[in-house]
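A.B. asks: Take a look at the letters that make up each chain.
Protein chains: 8
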Amino acid sequence: MDDATVDLDRLERTGVPEVVFGEGKSAAQIRGIAGELLGAGQDLLVTRLDADKAAQLADLGEYHPRARVLVKTHEWVDRGRGEIAVICAGTSDLPVADEAAIVAHALGNRVHRITDVGVAGLHRLLAHQDALRRCHVLIVVAGMEGALPSVVAGLTDRPVIAVPTSIGYGASFGGIAALLGMLTSCGSGVSVVNIDNGFGAAFSASRINRL
Amino acid sequence: MDDATVDLDRLERTGVPEVVFGEGKSAAQIRGIAGELLGAGQDLLVTRLDADKAAQLADLGEYHPRARVLVKTHEWVDRGRGEIAVICAGTSDLPVADEAAIVAHALGNRVHRITDVGVAGLHRLLAHQDALRRCHVLIVVAGMEGALPSVVAGLTDRPVIAVPTSIGYGASFGGIAALLGMLTSCGSGVSVVNIDNGFGAAFSASRINRL
Amino acid sequence: MDDATVDLDRLERTGVPEVVFGEGKSAAQIRGIAGELLGAGQDLLVTRLDADKAAQLADLGEYHPRARVLVKTHEWVDRGRGEIAVICAGTSDLPVADEAAIVAHALGNRVHRITDVGVAGLHRLLAHQDALRRCHVLIVVAGMEGALPSVVAGLTDRPVIAVPTSIGYGASFGGIAALLGMLTSCGSGVSVVNIDNGFGAAFSASRINRL
Amino acid sequence: MDDATVDLDRLERTGVPEVVFGEGKSAAQIRGIAGELLGAGQDLLVTRLDADKAAQLADLGEYHPRARVLVKTHEWVDRGRGEIAVICAGTSDLPVADEAAIVAHALGNRVHRITDVGVAGLHRLLAHQDALRRCHVLIVVAGMEGALPSVVAGLTDRPVIAVPTSIGYGASFGGIAALLGMLTSCGSGVSVVNIDNGFGAAFSASRINRL
Amino acid sequence: MDDATVDLDRLERTGVPEVVFGEGKSAAQIRGIAGELLGAGQDLLVTRLDADKAAQLADLGEYHPRARVLVKTHEWVDRGRGEIAVICAGTSDLPVADEAAIVAHALGNRVHRITDVGVAGLHRLLAHQDALRRCHVLIVVAGMEGALPSVVAGLTDRPVIAVPTSIGYGASFGGIAALLGMLTSCGSGVSVVNIDNGFGAAFSASRINRL
Amino acid sequence: MDDATVDLDRLERTGVPEVVFGEGKSAAQIRGIAGELLGAGQDLLVTRLDADKAAQLADLGEYHPRARVLVKTHEWVDRGRGEIAVICAGTSDLPVADEAAIVAHALGNRVHRITDVGVAGLHRLLAHQDALRRCHVLIVVAGMEGALPSVVAGLTDRPVIAVPTSIGYGASFGGIAALLGMLTSCGSGVSVVNIDNGFGAAFSASRINRL
Amino acid sequence: MDDATVDLDRLERTGVPEVVFGEGKSAAQIRGIAGELLGAGQDLLVTRLDADKAAQLADLGEYHPRARVLVKTHEWVDRGRGEIAVICAGTSDLPVADEAAIVAHALGNRVHRITDVGVAGLHRLLAHQDALRRCHVLIVVAGMEGALPSVVAGLTDRPVIAVPTSIGYGASFGGIAALLGMLTSCGSGVSVVNIDNGFGAAFSASRINRL
Amino acid sequence: MDDATVDLDRLERTGVPEVVFGEGKSAAQIRGIAGELLGAGQDLLVTRLDADKAAQLADLGEYHPRARVLVKTHEWVDRGRGEIAVICAGTSDLPVADEAAIVAHALGNRVHRITDVGVAGLHRLLAHQDALRRCHVLIVVAGMEGALPSVVAGLTDRPVIAVPTSIGYGASFGGIAALLGMLTSCGSGVSVVNIDNGFGAAFSASRINRL
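Residue numbers (my numbering), protein chains in the order written: chain A, 539 to 749; chain S, 539 to 749; chain W, 539 to 749; chain Y, 539 to 749; chain G, 539 to 749; chain H, 539 to 749; chain Z, 539 to 749; chain L, 539 to 749.
Just so you know, the hints here were simulated from the structure itself, not pulled from any lab data.
Note that beta-carbon positions come from the ideal geometry of N, C-alpha and C, so glycine has one too.
Just so you know, not all the hints are guaranteed correct.
[As the list claims (entries may be wrong)] Which chain A residues face chain S? A few, computed with CB under 10 Å, are given here:
| hint | residue |
| --- | --- |
| 1 | Ala-596 |
| 2 | Ala-658 |
| 3 | Leu-660 |
| 4 | Ala-680 |
| 5 | Glu-683 |
| 6 | Gly-692 |
| 7 | Tyr-707 |
| 8 | Ser-710 |
| 9 | Ile-714 |
[Said to hold, decoys possible] Straight-line Cα separation of at most 25 Å, SDA-like style, residue types lysine to any residue; simulated pairs:
| hint | chain 1 | residue 1 | chain 2 | residue 2 |
| --- | --- | --- | --- | --- |
| 10 | Y | Lys-610 | A | Asp-695 |
| 11 | S | Lys-610 | W | Asp-695 |
| 12 | W | Lys-610 | W | Arg-569 |
| 13 | A | Lys-610 | Y | Asp-695 |
| 14 | L | Lys-610 | L | His-650 |
| 15 | Z | Lys-610 | Z | Gln-580 |
| 16 | Y | Lys-610 | Y | Asp-540 |
| 17 | H | Lys-610 | H | Gly-562 |
| 18 | A | Lys-610 | A | Leu-749 |
| 19 | G | Lys-610 | H | Lys-610 |
| 20 | L | Lys-610 | L | Leu-598 |
| 21 | A | Lys-610 | A | Arg-671 |
Okay, chain A solo, but in the shape it has when bound:
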């Protein structure tokens, strides 16, 4: 494994094993890293894994194609204090919401999904107000103008992690419009992760839920 220095100590230090970012790595490189992690008895999580490489690595774990995530959990244990909500503005945002939901679950959290509740039809969101107040952390996934986290944050006292998606065209500039909208949200209690970074939102939410 000249190509990688696997951080086996990370589980001890941060509570979670090293997660493998699949983009830009060959199937052979990923297999090598996975071997070290699994060999040490740790769980395996590979994100941004395209279908071609996943086909070559099918023996390593379960692959979720829409989320592009491969998971191998030795034994699933509920490590959280409550549920994590994954709220999604539009149907086109589902791949990112899936990544968040699958990662959150793989890290030992119960997940509650709410889908297609964009702000152009407010009643769809308002129908879920109980969940907004019950779940421990709210992951809010939205593209285009990314307005949903602002509205959600005004309806709850729970922390909101906003995920801008690259859904949109023209002046959405691959998710910049949503990213800026979320960073400048008038709603309080919103923090933001990278564009399309369902993984990062789930990871932060999991740290919060496991406090």
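We have chain A already, so just place chains S, W, Y, G, H, Z and L on it with the hints.
C.D. replies: Coordinates of chains S, W, Y, G, H, Z and L only, in the frame set by chain A:
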């Protein structure tokens, strides 16, 4: 008047006299242009006029300092078919909303104001749903993430003209976040004018209201 | 339909059914949403639908390949007070102009087309001055520097909705040059929609025309 | 109070009263809003309040000049489950770190400060590893390249909220370099707020700490 | 003169003496450079010279305050084959147009001025069609969307040099909108210089006119 | 020909027939436009024509694949007063330089080519100083940092038209680095056209050369 | 060889032959340039050479596919005073690190590789502190937030050349986040080359190592 | 000293004491940090120190106003193997070049200055070719298009550190044009530091010169 070629024919062609953009013009230049317009019996509207220059031009008309607009209307006539709503997300956006409201009125429209109804407290906006459906055109002014027009457009069948403001800091980038948010709005029926361009929104709304 | 929360109430609230944004949705997802809308007796409009997915959905309605729009109207009714003009600067802008024209018609408006009248040959536009003054709303589609709306706005008293297109190269930056040009237009009465957003322009124009 | 629609219901809905963003509001406007909040028995927090306006509002509460925050707490109660760490990369970042610390305390949290521990001298940070593992939430404030959150996240299992600051020059572009660095952090468990937004970080951290 | 290496040979090589860019240089530095140039019998042209420094250098030549140019010509000679037109879209663009006109004249060209002929009132420009065809080179100065050069280029067979100005606000981004508009102009025969660079346009036009 | 409004009058007005921008037009649309131009006895010039469409239009004229230009000249006449130099910084810039050279020739100018004379090996350029002073107009094509026009402009008294190319990677941002470098050139007498716009440079140079 | 002006004198002037940038050149053009260099007895180095063109040029030298570099060294001589370290933050950055290592070696330097030592697991880097102090120059390759050079520079007194990579997604913007992070590094002694420019880093390091 | 954690160990680790970045720190904070450094017998270097704060700290060392640097060296020792050249494109770039030269000298290096040798008058630079080959490291400071490092790198075999300056206007965008130009330089052996970062260039050059 070597410095300007006043377009006295514009009233005939477009229904409204030339409007003077005050920024970058000296008080003397503005007085010259105003003289030609008023001399031809046309109304006078000067925008982006700072207080110093306004003081030198106080005899020409009425100056609105927060909106930085100077108006001289020979006789106000209601030229519109309905009301124009000017809806404002936050108190800090008021200078732009004022510009829109004053210009809309000067162009012969009745104006209905709704102020400080940002999306972080939805009930404030929902209390005005009747007006959202009654007014003929809705001008929606917002800074930061600029989410208000998306929510408004989902509650009405009237045309919405969105005005991003430069209110905000950091990633709001002087109004770019709001501008992009409005351009990529998931709400249908929204069109957008330049950052802080209350004048432009009022002008478009007036053309619509006078159809 | 776990993947979508169809907003069947939108027709009541805003006068027009939910429109389906086809990009980023699978054919199966679109079919599901379409089923709910059509099942409720509402019309169907799908935008940004590529030819591959359209072939799988051919039974749902009529597909316009250059505009990438699928339409199913139960009964076309003229709901507008006048005509909507769709004015196009260059031949290369036609796909966006087509989207605007087809959507405007599907929403119950008569449409008047004017094509290839860019500002480098002014006489081509000036030949249509009657239409510029007769139509109720003018949609102006242009790429490159996007100068056409400024010129049009100076020749009429009607509202102008400008649509920047991504036509151009280099410093056009995928439509940014045209977008900025339209937002900063010296012509009054111009509002702007997203790059290549013929749909949005038509939707706004339709709201205006139905007032 | 025509200029504001105070959201007195927000305390009920979100657990914290409306916070006043001082920028772009006049002292008179702020006094009006404060009157409504205090009159309803709620606490007062004004951010981004410059020294001039603070001098006119000195009777309303305690002003912290470096943080530009004004606070009036009726009775301070510890509402958190643990401590919030406020970690600061450089001395020049202190105004933002102060804003975070003062807001976090005003919202009912105990705060632990760690100052001037940038990554160019790692031993300074490593000396605080106990605190990085003990505190419930870590707010990490950094300008320039904003690398500190990445390093901190690798040393703890607690959620990290990163605050980019506008400290730097040239290619720091007013905090953009730090913002992008934090959004693309290789460290997991990091979420990000707007440039210089110490308030937002404290607000999110408080929601987490009060779970 | 340790601070400068004056290029006295430039007159020989390029036909024009070194021109002094005044911004960022002290009055003492400019006086030193001027001394070398004048001592060698060459003409002196200082651009971007603010009023304060100009007052200290009043003995060196004639200062044009609106254009911020200082000129000392030993003997004016007509070196051009025809006239250079300096066409200006709006009154606010005059400082840049003045810089172009004064520099063009200082370099030995006759100059024809046309002012305030923006595209929102086309008849103002069309009244000057003879000049557009008679002058040898056309310098076109415009801010906001910068549409004027596209229209001019379609009315003449002469080379057009476009100068974007920083006039505008919001999405004009200090002249970027006009710059991009001119670079992507649909009009042929247009080349562009830097934002507010009246000097550069005049210099290029002079090289053309002296061929 | 519903898709185009051919500007047959342009030859009269500007001295050159309408040139067809091939990108975004179908072969059928181009054939239609070409038919009108050729039918009126005018020359045909199509730029940005990819090989596939060119194969369908092979009967219309001569196609230059590297330059992506199709030309049909009824009779070549030397209309210029001197030569136009096309100077190219690197081998990778040749497609753009070819476009400039072929268009310049098609418009009736003699062309002198100088290739691969980037500033990292100055002696290569200095070997051509005679040509830099003899040719009437100099087109300078360069990618990466685009420094060549600055150096050329210091060695001649002729007008320089700079063409940035999209050659480069990373911080060249598709030609932006070269574009900005040329716009801010310390060399006088340089004007700039759009990225990769060899056509535009040739057109401007031809207008100059035909004066 | 009309398409290139090979700079055979460069070896004399700068100590290294001209290096061929393969992107945008045809295999035939590269073969022509290589022929001139090899014919003059100089070494050959081609960078950014894709696999297709490399296959056509296989006889010219040794091709390294991950680095996309082709090398032909007549006789390898150690020309450096010490070792050059090539330090790589993640496995995905290896293609760029390879380019740096292979070019550095081809230019006559010994190379020491350190791989996958990103800042999220500091102990991996700290294990190599001896090498950080022993090597003469340190090339540090990193994507995402690009924090590694800041940390390295604080652990050594050797010059650090930072190479941002385009690894990442969303707000990494193709390497911009890493580039800005490195330019604004709080670590002293860091200079930066273009995104993905392993070649440039190796070239600079070689100049330093050969002093 | 609650506001700072001075890194007294840095001298041992990196060969140079901590350098104080003056921007954003109060005079009192700087005095505190300086006290710790001087108290430990280390030298003092404060950069980006404006004149007002320098006046309050005049007792601490020697202040260079144009460079905004304060220096206190206990005993100057020549620690370098050769000279460092500081080459400056224009007179307006001198403040940055001064910072580089003063810092390089303070760090124990002999400095050779070359001033005002921009590429528009090549003979000025060519007159210094001996120095370009004799000095050990070349710092090249330039604003506007930043072309000078490319030309210098082609004339020497020494490492070149390029410093873009914020000198220029319009499309120079505060130094971005020069920064991008230097990063994409066609000259080999060039690495780059932040805009206006004379300090960083000197620091890197000193590390190289002390090898």
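A.B. asks: Name the hints, by number, that the structure is in violation of.
C.D. replies: 1, 19 and 21
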